[in-house]
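2 protein chains.
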Amino acid sequence: MDVSAPVVAHALVAQPLTRAAFAEFGDVIEAEGLDALAINGGKTARFDDLARIETLGEGARPVLSLFHTQPYALPLLAHELERHPCGSQAFVPLDGQAFLVVVAPPGDQPRADAVRAFWTDGRQGVNYRAGVWHHSLLVLDRPSRFVVVDRAGPGPNCDVAALDRPVSITLPR
Amino acid sequence: MDVSAPVVAHALVAQPLTRAAFAEFGDVIEAEGLDALAINGGKTARFDDLARIETLGEGARPVLSLFHTQPYALPLLAHELERHPCGSQAFVPLDGQAFLVVVAPPGDQPRADAVRAFWTDGRQGVNYRAGVWHHSLLVLDRPSRFVVVDRAGPGPNCDVAALDRPVSITLPR
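As given, the protein sequences belong to chains A and B, one line each in that order. Under the working numbering, think of the first position of the first sequence as 31, with each following residue one higher. Under the working numbering, think of the first position of the second sequence as 31, with each following residue one higher.
Everything labelled a hint here was simulated from the structure, so no lab data went into it. One or more of the hints may lead you astray.
Claimed, not checked - Here are the simulated SDA-like cross-link-like pairs (lysine to any residue), alpha carbons at most 25 Å apart as the crow flies:
1) K73(A) x G63(A)
2) K73(B) x R181(A)
3) K73(A) x E60(A)
4) K73(B) x K73(A)
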């Protein structure tokens with residue numbers, strides 16, 4: 031084995047984010063294609079219960095936070111992913127900005143060839159199911175704000191793992 | 031008593047929404063004035079745990095929903111308020127739009143002279159504490175989207191009560 035051989039990144043083109051494609055990783059938070067409940071005397075359409083909020087473990091609770099995040103540049107090279115074994119994590123963009131969603135199925139170690147990348151439409155949010163490997167927030171071009179619903183509680187709830195090789199991610203043309 | 035006397039509305043000018051002024055009704059969801067946790071290798075500022083999420087009662091759980099709401103016109107006349115005795119309700123605007131927050135303290139019946147009105151800055155969200163009387167969503171000028179975190183569960187969780195007299199609400203000049 032030639033240990034000096036260069037590591038070749040696994041190349042991935044982000045797909046448009048859809049409920050069907052994302053189902054194994056969590057929820058797409060969007061009104062698109064859903065029936066609404068009419069409330070407030072008809073003034074408001076409620077698209078109900080769009081994310082399975084998981085807060086596992088004694089003494090855990092859901093928390094709502096704001097994230098202000100700085101942009102990445104393309105081409106993006108992902109070296110590691112994280113997961114929250116005891117809780118889901120929902121992100122909804124507040125500045126109408128698309129973002130990259132990079133995930134891998136639950137399991138001991140994320141593998142580069144199992145990584146999937148999705149590109150949101152600027153209105154969509156996502157909710158990662160507990161244990162799903164995901165990259166940290168990936169916005170491009172400019173800073174962005176998100177509302178986040180995840181878990182607080184006792185015990186560790188964040189694992190970070192290196193990918194077996196880097197994943198390079200580009201946007202669809 | 032002359033029952034034909036016209037009902038005079040209680041006139042209220044909305045105040046700018048601040049944490050201090052809103053403290054008895056719930057939380058202001060904003061980063062302003064808060065220290066952030068630096069996460070994601072310094073790329074993201076996390077403003078943590080900004081709303082007390084309450085889901086009271088056996089079998090209750092938090093739910094995340096999207097509301098699409100139609101605008102009201104000024105001058106606004108509020109006739110009734112609602113409350114959710116078993117859960118908080120958080121609203122964060124997704125279209126950068128200011129909205130009116132009209133509330134009254136918990137209690138059997140909301141009184142017009144106890145009503146308070148606040149005008150958000152377009153980035154602020156609010157979280158109504160369980161039992162706080164509030165008007166339904168009040169946006170002006172154009173439709174707006176909100177992310178909402180409230181409660182699902184067995185049993186009734188929405189009371190609606192008429193005010194003893196209407197409250198007319200205007201914006202500060």
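Results for each hint:
1. With a C-alpha separation of about 19 Å, the suggested pair K73(A) and G63(A) falls inside the 25 Å cut-off, and the hint holds.
2. Note on K73(B) and R181(A): the hinted pairing holds, with a Cα-Cα distance of about 20 Å set against a maximum of 25 Å.
3. A distance of roughly 19 Å separates the Cα atoms of K73(A) and E60(A); the hinted pair therefore holds under the 25 Å criterion.
4. In summary, the hint linking K73(B) to K73(A) is not supported, as the alpha carbons are separated by about 39 Å, beyond the 25 Å threshold.
The structure does not agree with numbered hint 4 stated previously, though it agrees with all others.
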